[in-house]
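J.: If you want the building blocks of each chain, they are given just below.
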Amino acid sequence: MVSTPMVAMQGVQKHFGSLHVLQDIDLEVAQGEVVVVIGPSGSGKSTLCRTINRLETIDEGTISLDGQPLPAEGKPLAQLRADVGMVFQSFNLFAHKTILENVTLGPIKVRGEKKADAEARAMELLKRVGVDSQAQKLPAQLSGGQQQRVAIARALAMQPKVMLFDEPTSALDPEMISEVLDTMTSLARDGMTMIVVTHEMGFARTAADRVVFMADGRIVEQNTPQEFFDHPQSERARDFLGKILKH
Amino acid sequence: MDVLVDNADLILDGFWKTLQLVLVSGAYALVIGVLVAVARVSPVGVLRGAATVYVTLFRNTPLLILIIIAYYGMPDIGINPGFFPLITIAMGIYTSTFIAEALRSGINGVPVGQAEAARAVGMPFGMTMTQVVLPQAGRLIVPPVASVLIALVKNTSLAGAFGIAEATFRMRGLLNDHATDRWWIFFGIGLGYVVIVEVISLIAYLIERRWKVVTR
Amino acid sequence: MKISTRFAALGAAALLTLAACGDAGSENEAADNDYEVVDSPKFDDGTRMAEIAEAGKVKIGVKFDQPGIGFKAAGSDEPTGFDPEMGKIIAGQLGIEPKDIEWVETISDNREPFLQNGTVDFVIASYSITDERRQVVGQAGPYYLTGQQLLVAADSDITGPEDLKGQKVCSVTGSTPIKTIEEKYDVTPAGFDTYSECVEQLKNGSVDAVTTDGSILLGYAAQDPDALKVVGEPFSEERYGIGYSKDSPELCTFLNDTLTKAFEDGAWEDAFDATLGKSGNEVPEAPKLDACA
Chain V
0 MVSTPMVAMQ
10 GVQKHFGSLH
20 VLQDIDLEVA
30 QGEVVVVIGP
40 SGSGKSTLCR
50 TINRLETIDE
60 GTISLDGQPL
70 PAEGKPLAQL
80 RADVGMVFQS
90 FNLFAHKTIL
100 ENVTLGPIKV
110 RGEKKADAEA
120 RAMELLKRVG
130 VDSQAQKLPA
140 QLSGGQQQRV
150 AIARALAMQP
160 KVMLFDEPTS
170 ALDPEMISEV
180 LDTMTSLARD
190 GMTMIVVTHE
200 MGFARTAADR
210 VVFMADGRIV
220 EQNTPQEFFD
230 HPQSERARDF
240 LGKILKH
Chain L
0 MDVLVDNADL
10 ILDGFWKTLQ
20 LVLVSGAYAL
30 VIGVLVAVAR
40 VSPVGVLRGA
50 ATVYVTLFRN
60 TPLLILIIIA
70 YYGMPDIGIN
80 PGFFPLITIA
90 MGIYTSTFIA
100 EALRSGINGV
110 PVGQAEAARA
120 VGMPFGMTMT
130 QVVLPQAGRL
140 IVPPVASVLI
150 ALVKNTSLAG
160 AFGIAEATFR
170 MRGLLNDHAT
180 DRWWIFFGIG
190 LGYVVIVEVI
200 SLIAYLIERR
210 WKVVTR
Chain C
0 MKISTRFAAL
10 GAAALLTLAA
20 CGDAGSENEA
30 ADNDYEVVDS
40 PKFDDGTRMA
50 EIAEAGKVKI
60 GVKFDQPGIG
70 FKAAGSDEPT
80 GFDPEMGKII
90 AGQLGIEPKD
100 IEWVETISDN
110 REPFLQNGTV
120 DFVIASYSIT
130 DERRQVVGQA
140 GPYYLTGQQL
150 LVAADSDITG
160 PEDLKGQKVC
170 SVTGSTPIKT
180 IEEKYDVTPA
190 GFDTYSECVE
200 QLKNGSVDAV
210 TTDGSILLGY
220 AAQDPDALKV
230 VGEPFSEERY
240 GIGYSKDSPE
250 LCTFLNDTLT
260 KAFEDGAWED
270 AFDATLGKSG
280 NEVPEAPKLD
290 ACA
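Chains as they are written, first to last, in numbering that gives the first Met the number 0: chain V, 0 to 246; chain L, 0 to 215; chain C, 0 to 292.
Don't read these hints as lab results, they were simulated from the structure.
Don't take each hint at face value.
Here are the simulated distance ranges between beta carbons [as the list claims (entries may be wrong)]:
id, chain 1, residue 1, chain 2, residue 2, range
1, L, Gly81, C, Asp154, 18 to 24 Å
2, L, Ser41, C, Glu182, 52 to 58 Å
3, C, Lys41, L, Ala7, 50 to 56 Å
4, L, Leu46, V, Gly60, 39 to 45 Å
5, L, Arg58, C, Thr118, 33 to 39 Å
6, L, Ile64, C, Glu182, 32 to 38 Å
7, L, Ile206, V, Gly201, 45 to 51 Å
8, V, Gly10, L, Ser41, 29 to 35 Å
9, L, Ser41, V, Glu55, 49 to 55 Å
10, L, Leu46, V, Phe228, 27 to 33 Å
11, C, Asp38, L, Asp5, 41 to 47 Å
12, L, Asp5, V, Gln135, 56 to 62 Å
Below, computed lysine to aspartate or glutamate pairings styled on EDC-like, alpha-carbon distance capped at 20 Å [what the hints assert, rightly or not]:
id, chain 1, residue 1, chain 2, residue 2
13, C, Lys178, L, Asp8
14, C, Lys178, L, Glu115
15, V, Lys96, L, Glu115
16, L, Lys153, L, Asp5
17, V, Lys126, V, Glu100
18, C, Lys277, C, Asp33
19, C, Lys183, L, Asp8
20, C, Lys56, C, Glu249
21, V, Lys242, V, Glu220
22, C, Lys183, L, Asp5
23, C, Lys183, L, Asp12
24, C, Lys287, C, Asp256
25, C, Lys202, L, Asp75
26, V, Lys113, V, Glu72
27, V, Lys108, L, Glu115
28, C, Lys167, L, Asp12
29, C, Lys98, C, Glu50
30, C, Lys277, C, Asp289
31, V, Lys160, L, Glu115
From the structure, some residues in chain C lie toward chain L, with a derived Cβ separation under 8 Å [claimed, not checked]:
id, residue
32, Glu131
33, Arg132
34, Val135
35, Thr175
36, Ala189
No residue lacks a Cβ here, since even glycine has one placed at the ideal position from N, Cα and C.
Let the hints inform the model, and build the full structure from the sequences given.
T.: Quick look at the structure:
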């Protein structure tokens, strides 16, 4: 790959107090690539995801998006965030807005789009994630799976260059996980650049271009899903896979 | 009873002044209070610090002292806009600190994920506040803000001793002239305050009910 | 309500200390009149007089903020003025030395409550006699007649109440003068807790005039003749009385007898000369006392 990577992290360090949560992180994600980050809890994978749009600050190192280094707090950062879609573990839909408004708020307020245009596209996106019939409801009236699909639509409405998924299925009841994963898989097929922090190994196997395995704040191993799952190189990865695949 | 009927014009005039004090001081308090509360949660350290100092200073100073400073201090340095502006500024500043604290607790009551989601779609701080956080804090702050305004209603009675002919001033005048009808006077003036406070409570209830949607 | 009044009075006291330090001129120095102190006075058993005389001390409510009438300078031990002098005369007739008098500060608002709940035995605090008041407390006297006048800035154009329409006029919240003038002359009333606060507001231009009894105003004008003046003829008649509890109606005769005696033996005139007389008031005719019911 010769083109500029969509996301580039170099020498990133971060501490929470005395805890060194990100250590020497170097990671590049190419345009259109789907990277799944896995690892035991507390390994720093969520933190890594959140540093990419600067919801968490870093102590050292650089992070670039599409060749642009992350700006500090302020207007430029807000603009850059608009280009990075994010889906949270707990959905975080705007509780006081309808489903439709959740999807149109960003385009109208941040992008300055006309309301009619934003609504038309929002309805398309809601249809694509399968919740268009719920457009006038409030988030609390929807199931978790539906809410998370709306959250994906909300992020897509900003026409992002990259999508971050921070454990998008961890707060869902088991029967709702697949509907969200299906949406994500189809998104991956459409060529979206995605960084996904998850425990869903099935998704990693089928949808990922690359699996990044983290432990204790470090990237321990990265490889294609096939290679990683079948021939893990490190002791930590073998241990981790052994534990989750036993069941 | 006659004392209330005979002096109805004075009493009503007094409560009209009381109401004006509440409305003007309350407006100052709400505007300043929102700005201070937002400053207290802003990402800019200087603003946070200034707002914290403001709240600490004016919330912890007795209202009477603020009024005295306004009445005797400001004319000393050549600022003397008159009793009504002076006392409403003093009451507005004092009350704004309580509004700010009520708002801040409301803002803190909105799950942090809401602000994160707003930032993640590219909203700057101000827009995050106005579009996402404050509208949700709103319903949390209605009861405490109503309490602050009710306290303000009662605090306006201090103005009667500072050149404003409001309801308590009228009460004291009537007590002086009608020593035999004390209980009727207390009852009438007390009732007036109760009515104002009940109206505020009612408005708060209606707003709360209107905003009460299932949020999570 | 009561609490706010007390706080306001405290605030006013603090201000006085700050602002009026040293203002208390010579007319506020303690008068050194010696009034007769009756040795073992005789009263009928069971009367309030007998009780007070027996106790050997008396509580008298006076104003602390009216120069010439009842004023207590910051740091001084006892109030000075015509009213405290009257108090000493009355105490003397009960066989009580001035040093055994407990002076209690009263403001216009709390004069009746103080009498009704026994906080004080007598109120001598520029306390105008009115029919309304006489329904709840006893008022003996009058011992002094005065009338409502106006205190204005020395350079003011106001010459009398006719010039006051629409002007801000200050008096003590809850006092009679402010109501009289509001009704008669269509002024904007401005109430403060003490007359000294009113005078302060007059000096800084926040109000156009201060109104109350001329005797009180003269006291203030005498303190600061370059800045303040009293204008206009008295436009009301105020008759100062001595307040006592209605529970002890026998006090009325005692008080009237005491006043009559003071009028006749010169004690009343001495009291006047030492206080109000110093701030420009002529010694008036002794007023005619109301008969006791």
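J.: Evaluate each hint against the coordinates.
T.: Here is what the structure says about each hint:
Our hint of 18 to 24 Å for glycine 81 of chain L and aspartate 154 of chain C holds, since their Cβ atoms are close to 20 Å apart. Between serine 41 of chain L and glutamate 182 of chain C, the C-beta spacing of about 54 Å keeps the proposed range 52 to 58 Å intact. For lysine 41 of chain C and alanine 7 of chain L, the Cβ-Cβ distance of about 53 Å falls inside the hinted range of 50 to 56 Å, so the restraint holds. Leucine 46 of chain L and glycine 60 of chain V have their C-beta atoms about 29 Å apart, which leaves the hinted 39 to 45 Å range violated.
About 35 Å separates the C-beta atoms of arginine 58 of chain L and threonine 118 of chain C, a value consistent with the hinted range of 33 to 39 Å. For isoleucine 64 of chain L and glutamate 182 of chain C, the hinted distance range of 32 to 38 Å is satisfied, since their beta carbons lie about 34 Å from each other. Between isoleucine 206 of chain L and glycine 201 of chain V the CB atoms are about 49 Å apart, so this pair conforms to the stated range of 45 to 51 Å. As the Cβ distance of glycine 10 of chain V to serine 41 of chain L is approximately 31 Å, the hint placing it in 29 to 35 Å holds.
Checked against the hint of 49 to 55 Å, the pair serine 41 of chain L and glutamate 55 of chain V fails, with Cβ atoms roughly 19 Å apart. In this structure the hint that leucine 46 of chain L and phenylalanine 228 of chain V lie 27 to 33 Å apart at CB is violated, the actual value being about 51 Å. In this structure the hint that aspartate 38 of chain C and aspartate 5 of chain L lie 41 to 47 Å apart at CB is violated, the actual value being about 52 Å. A hinted range of 56 to 62 Å holds for the C-beta pair aspartate 5 of chain L and glutamine 135 of chain V, which are about 59 Å apart.
Distance restraint check for lysine 178 of chain C and aspartate 8 of chain L: the Cα-Cα separation of roughly 13 Å lies within the 20 Å cut-off, and the hinted pair is therefore satisfied. Our distance criterion of 20 Å between C-alpha atoms is broken by lysine 178 of chain C and glutamate 115 of chain L, whose separation comes to about 61 Å. For the proposed pair lysine 96 of chain V and glutamate 115 of chain L, the alpha carbon gap of about 16 Å is at most 20 Å, so the pair holds. A distance of roughly 25 Å separates the Cα atoms of lysine 153 of chain L and aspartate 5 of chain L; the hinted pair therefore is violated under the 20 Å criterion.
Restraint check for lysine 126 of chain V and glutamate 100 of chain V: the C-alpha separation of about 15 Å stays at or below 20 Å, so the hint holds. For the suggested pair lysine 277 of chain C and aspartate 33 of chain C, the alpha carbons sit about 18 Å apart, so the restraint of at most 20 Å is met. For the suggested pair lysine 183 of chain C and aspartate 8 of chain L, the alpha carbons sit about 15 Å apart, so the restraint of at most 20 Å is met. Taking the CA atoms of lysine 56 of chain C and glutamate 249 of chain C, the gap is about 18 Å. The hint holds against a cut of 20 Å.
As the CA atoms of lysine 242 of chain V and glutamate 220 of chain V are separated by approximately 17 Å, the hinted pair is consistent with the 20 Å bound. For the hint linking lysine 183 of chain C to aspartate 5 of chain L, the alpha-carbon distance of about 17 Å falls within 20 Å, and the restraint holds. Our distance criterion of 20 Å between C-alpha atoms is met by lysine 183 of chain C and aspartate 12 of chain L, whose separation comes to about 17 Å. A hinted pair counts as satisfied when its Cα atoms are at most 20 Å apart, and lysine 287 of chain C with aspartate 256 of chain C qualifies at roughly 12 Å.
For the proposed pair lysine 202 of chain C and aspartate 75 of chain L, the alpha carbon gap of about 11 Å is at most 20 Å, so the pair holds. Between the alpha carbons of lysine 113 of chain V and glutamate 72 of chain V the distance comes to roughly 27 Å, so the proposed pair goes past 20 Å and is violated. Restraint check for lysine 108 of chain V and glutamate 115 of chain L: the C-alpha separation of about 16 Å stays at or below 20 Å, so the hint holds. Distance restraint check for lysine 167 of chain C and aspartate 12 of chain L: the Cα-Cα separation of roughly 16 Å lies within the 20 Å cut-off, and the hinted pair is therefore satisfied.
Between lysine 98 of chain C and glutamate 50 of chain C, the direct Cα distance comes to roughly 18 Å. Compliance with the 20 Å bound is thereby established for this hinted pair. For the given pair, lysine 277 of chain C sits about 28 Å from aspartate 289 of chain C by alpha-carbon distance, which is inconsistent with the 20 Å threshold. For the hint linking lysine 160 of chain V to glutamate 115 of chain L, the alpha-carbon distance of about 19 Å falls within 20 Å, and the restraint holds. Annotation: interface hint on glutamate 131 of chain C holds; nearest CB of chain L at approximately 5 Å, less than 8 Å.
Satisfaction of the interface hint for arginine 132 of chain C is found here, the shortest Cβ-Cβ separation to chain L being roughly 5 Å, below the 8 Å cut-off. Here the hint on valine 135 of chain C is kept, as its CB sits about 4 Å from the closest CB of chain L, short of 8 Å. About 6 Å separates the beta-carbon of threonine 175 of chain C from the nearest beta-carbon of chain L, less than 8 Å, and the hint is met. The interface hint given for alanine 189 of chain C is met, as the beta carbon of that residue sits about 4 Å from the closest beta carbon of chain L, less than 8 Å.
Hint compliance for this structure: hints 4, 9, 10, 11, 14, 16, 26, 30 are broken, all remaining hints hold.
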